[in-house]
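The hints should help you fit chain F onto chain W, whose structure is shown.
Each protein sequence line maps, in turn, to chains W and F. Sequential numbering from 92 applies to the first sequence in this note's numbering. Sequential numbering from 70 applies to the second sequence in this note's numbering.
Keep in mind the hints are simulated off the structure, nothing from the lab. Idealized CB from N, CA, C, for every residue including glycine. Just so you know, not all the hints are guaranteed correct.
Unchecked claim - Covered by chain W, according to a simulated footprint, are these stretches of chain F (three or more residues, beta-carbon under 8 Å):
#	segment
1	79–92
2	95–106
3	111–118
4	173–182
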Amino acid sequence: SQQGEEDPQALSIQEGENATMNCSYKTSINNLQWYRQNSGRGLVHLILIRSNEREKHSGRLRVTLDTSKKSSSLLITASRAADTASYFCATDAEQAGTALIFGKGTTLSVSS
Amino acid sequence: NAGVTQTPKFQVLKTGQSMTLQCAQDMNHEYMSWYRQDPGMGLRLIHYSVGAGITDQGEVPNGYNVSRSTTEDFPLRLLSAAPSQTSVYFCASRERATYNEQFFGPGTRLTVL
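Pulled out of the complex, with its shape left as it was, chain W reads as follows:
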């Protein structure tokens, strides 16, 4: 089964509002990554947070990681219509020589 599960599955907001997506995972990890996918395109890396980090920022993105709860959140501040996309978390297991495992994603719609 998939390692990560995002919540909510879909999110609709107005431009200027903040969007928060959550990810839960099952096993110990080295790092957790968030990716974005525009409709019909491949995934693009947004941000990586290591297992010993609790919070990380990149522009309008803020990611938190709680390894005790095996969960992460992605906050997009001051959303724009261009942020409309699907967002996926991906976990890199502690065990070496494994592949990234993705969740089912959150579909974000930002209306102007």
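Here is chain F on its own, set in the frame of chain W:
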């Protein structure tokens, strides 16, 4: 750099046909992976490789074969296509080191009739 390239972009097969989805990367990445994406299912790992000559199964390997004879190429073979294999297939690569992002190809949209 071209990054990760996939061919073809679109393919229609009949049930029982075989074909190979091509994937190549020019970044000298050791790790390569194949995923399939279906509506509401996110990305599911089919097979992956941590270097030339080394492959392993992911979550949904049945009906697919892979090989990794070179660092650059990681083809995915459908042995006998079934309608359940209708999906969008993504190839991805990344460096061996732990804290590295993964790069994705543009995807192959496959329909099996």
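Do the hints match the structure? See the list:
no. : hint    : in the structure
1   : 79–92   : violated (count 0)
2   : 95–106  : holds (count 3)
3   : 111–118 : holds (count 5)
4   : 173–182 : holds (count 4)
Violation of the numbered hints given earlier is confined to hint 1; every other hint is satisfied by the structure.
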